[in-house]
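Residue numbering for the sequence shown follows the numbering used here, starting at 1 and increasing by one per position.
It cannot be assumed that every hint is accurate.
Unchecked claim - Under the rule of at most 25 Å between Cα atoms (straight-line distance), these lysine to any residue pairs were calculated in the SDA-like manner: (1) K238 x D123; (2) K238 x Q251; (3) K534 x N510; (4) K222 x T197; (5) K125 x D507; (6) K285 x P263; (7) K210 x K238; (8) K238 x P187; (9) K210 x S190; (10) K210 x R294; (11) K125 x S100; (12) K125 x T66; (13) K125 x S190; (14) K183 x A147; (15) K379 x N315; (16) K125 x N135; (17) K210 x A184; (18) K214 x A260; (19) K214 x Q177; (20) K238 x G314; (21) K238 x A147; (22) K534 x R136; (23) K210 x P187; (24) K534 x F506; (25) K379 x R354; (26) K222 x S195; (27) K238 x P274; (28) K183 x P263; (29) K214 x I179; (30) K214 x D257; (31) K183 x R119; (32) K183 x Q251; (33) K183 x M219; (34) K285 x D265.
Read the hints as simulated data drawn from the structure, not as lab findings.
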Amino acid sequence: MICNEKQRSELGCFGGLGDRVIFRRALILALVTLAPGCPPPGATSRPSPSSLARTGKHRAAPLQLTQIARVDAVTWMADSLLVSPDGLSIAYRDQVGRLSRVVSDGRPHRLYEAIGPLRFSPDSKRLVYVGRRKNRDHLVVQGREIAVHPAASSRSLTFSPNSSHLAYTAQTNLQHQVIRDAKADQPFDSIGQGSLTWSPSSLHLAYAAKLHAKAFIVMDSKPGPAYDDVAHFAFAPKGSRWAYQARIGRQYRLVIDGRAGSPYDSTSPPFFSPDGRHLAFVALKRGHGLRLIRDGRAEPLFRDIGRPLWSPRGNHLAYVARSPAGYAVVRDGLASPLFSRVSATSLTWDPRGRRLAWIATVTGGETMVVDGRTRATWKDVFAPVWSPDGRRLAYGVQFRTLDGPVARMIVDGLPGPRFSEVGKPVFSSDGRRVAYPARRGASWHMVVDGRAQAPFQRIGHPVFGPRGLHVAYVTVSAEGFRVVVDGKPRRAFAIILGRKPGMISFDAPNRLRYLGITATQRRAIIYRVTQRLK
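Could you build the full structure based on these sequences and the hints that come with them?
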């Protein structure tokens, strides 16, 4: 899948490796049919002579490979493969006749008639799932059955942020209840799907429930006030504040820290500032219009209002607003000049919360607006990204020429090399370096600090190491999947896995880790790969 520029800026998928569905299809294909040139299990692999010629004389230390699983590529349910958050462990389902089992880091668990989705705890230390046997659901943690229910919702399994607590929903007869750390709350007629929400401190658990046609937010096992409906519960990112939307009849109000606010014909979800001190939401009164309510104070009316965006420190708030005359960006109550259109998804604060950028439609095309000042006009503008220190801004542009469409990356106001397509830019942690994927014809390049590296068939997200010392990414070619570090490709695998599909990560300034899989038509071996850099 190759996303167009607008999709690329909103979905973050580049060159066919960012899309989870496509990546999993590639995983299944790679394990059933060995990629041309991909080495069989146990074999060594080197970059091609042409690749070595491009990378220069310096070579990284040999890869350290630790085998963590050996699987049957036919019975392995590859689509179930789950990588732990730290990228060092794996779990998957394996088919054994009519039954299935979970295998974690090469260790098989017991057999079940059916197994639900797998979940790792945030600290990667616990694996949990629900297995069905003889019409009973068994909660399994680290391979041990710790609870049995007539029906448990495997999709509701959720760990607290600190990994110390586990909660899920289960059904008994016609009622549902939440189980938290093996203790059951009171039963309800229904529990809101996906509503289990832990506080950032991991001390509190809240969810939406209904009983006798009334709806409640249940906080720490205690039901709150009854309403006709409740939705959009949220804890503040910091502190102990919380809020949700409640409906009585045809009117809606926001309940903030247990207190119901003024009624409206409709409200948006609550939006807390990053520091948790402030809250904003959009409210509608028919015959009047939409207005933003910030800390209880109403701002001017508009025909339409986009999602409010707090600055990183929570001291500023901006949103896109539409009036009969056009679109504007409202920052702290003050509206910018009007534009034909403003992309609400492009609105972005710099990491220090001082500067604001967005994409606007003007006569002749689109432009990047920074702090209210417009820049050059292009046919399309997309993917604005600030450097971590907030001093630099990069974004992609596209325009047409007699030879066809051309894309360029604008960094610090200066256009980079011409390509057919460019992806979302990534800055190093110190803001000094920038990299992005780019396509020229049928080949993809990684462009690092303005220079295009060797071409590949497909290319993944760039990842900078700490302090920006190294940059790495995953590539796909006829030889298979490779990790390329500082322009130097390493051995090929049938597939490479990181914390996310198609992603790899540094766990030290000079150390890169990921999972590599070698495969034949019958057997696959999963390795934990450590790559040390000089």
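Among the hints numbered above, which are violated by the structure, and what are their numbers in rising order? 2, 7, 8, 10, 13, 15, 16, 21, 22, 25, 28, 32
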